[in-house]
Amino acid sequence: SQQGEEDPQALSIQEGENATMNCSYKTSINNLQWYRQNSGRGLVHLILIRSNEREKHSGRLRVTLDTSKKSSSLLITASRAADTASYFCATAGSGNTPLVFGKGTRLSVIA
Amino acid sequence: DTGVSQNPRHKITKRGQNVTFRCDPISEHNRLYWYRQTLGQGPEFLTYFQNEAQLEKSRLLSDRFSAERPKGSFSTLEIQRTEQGDSAMYLCASKSGSSTDTQYFGPGTRLTVL
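Read top to bottom, the protein sequences are chains A and B. Residues in the first sequence are numbered consecutively from 384, following my numbering. Residues in the second sequence are numbered consecutively from 66, following my numbering.
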């Protein structure tokens with residue numbers, strides 16, 4: 384079963400704009416991870432945020448986590464056409480347990 | 066390239082046939098996970114190993130599915146008597162036992178059952 388729900392399901396923006404994707408989950412977590420998937424390919428890990436962290440940055444990515452609301456957001460700044468992909472959030476109850484994924488957000492960045 | 070490899074990348078089979086997929090994790094990773102992903106959905110957990118021990122199996126893993134990791138290195142996932150509903154992308158991920166909680170995914174095996 385899927386724990387997370389990403390919002391929106393699909394997002395289309397112009398190159399150079401920022402893209403924000405949201406994720407909500409249901410149970411307590413140890414960490415939350417964001418992955419990117421290009422069409423028909425495997426998942427690429429983007430960033431991990433632990434339950435005791437509120438915000439993390441990696442390059443053009445910014446992730447926030449609000450455990451009281453059981454939600455996270457992924458911001459991609461200055462988007463590029465190459466950012467076109469599906470983005471998934473995944474939660475883990477502990478460091479080694481299987482990940483529980485949401486249904487993903489399909490991002491299209493138009494040049 | 067994450068360092069996790071899967072073979073074959075694509076498999077087309079007829080209903081009722083058996084298929085086997087292989088996953089080679091990053092060499093020092095002792096945890097290995099199998100997930101299944103259908104079109105438009107996120108990956109769903111199937112099973113996972115710590116070294117050669119299979120620690121957890123999802124309810125999605127019917128008795129037609131079996132997974133092994135005999136020497137704690139590569140793993141195989143076999144589906145017997147395939148059904149059209151088995152058509153999906155099968156993803157493998159591996160993880161170090163300690164230093165990081167990140168799972169690294171392979172490119173997947175896309176199965177089509179005709």
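Be aware that one or more of the hints could be misleading.
Said to hold, decoys possible - List time: in silico DSBU-like cross-link candidates among lysine-lysine, alpha-carbon distance up to 30 Å: (1) A:K453 x B:K136; (2) B:K76 x A:K409; (3) B:K76 x B:K136.
To be verified - Far from chain B by the CB rule (all over 10 Å, computed), these chain A residues: (4) A402; (5) H428; (6) N479.
None of these hints come from the bench; they were simulated from the model. Think of the CB as a built atom: it goes at the ideal place given N, C-alpha and C, for glycine as much as any other residue.
To see whether the hints hold, each was checked on the structure:
Proposed proximity of K453 (chain A) and K136 (chain B) is contradicted: the alpha carbons are some 39 Å apart, above 30 Å. With a C-alpha separation of about 35 Å, the suggested pair K76 (chain B) and K409 (chain A) falls outside the 30 Å cut-off, and the hint is violated. Only pairs whose Cα atoms come within 30 Å are accepted, and K76 (chain B) paired with K136 (chain B) is accepted, the gap being roughly 25 Å. The beta carbon of A402 (chain A) is kept farther than 10 Å from every beta carbon of chain B, the shortest such distance being approximately 18 Å.
With a cut of 10 Å on Cβ distances, H428 (chain A) falls inside the contact zone with chain B, its closest approach being about 5 Å. Not every C-beta of chain B lies more than 10 Å from that of N479 (chain A), the closest at about 6 Å, which undercuts listing it as non-interface.
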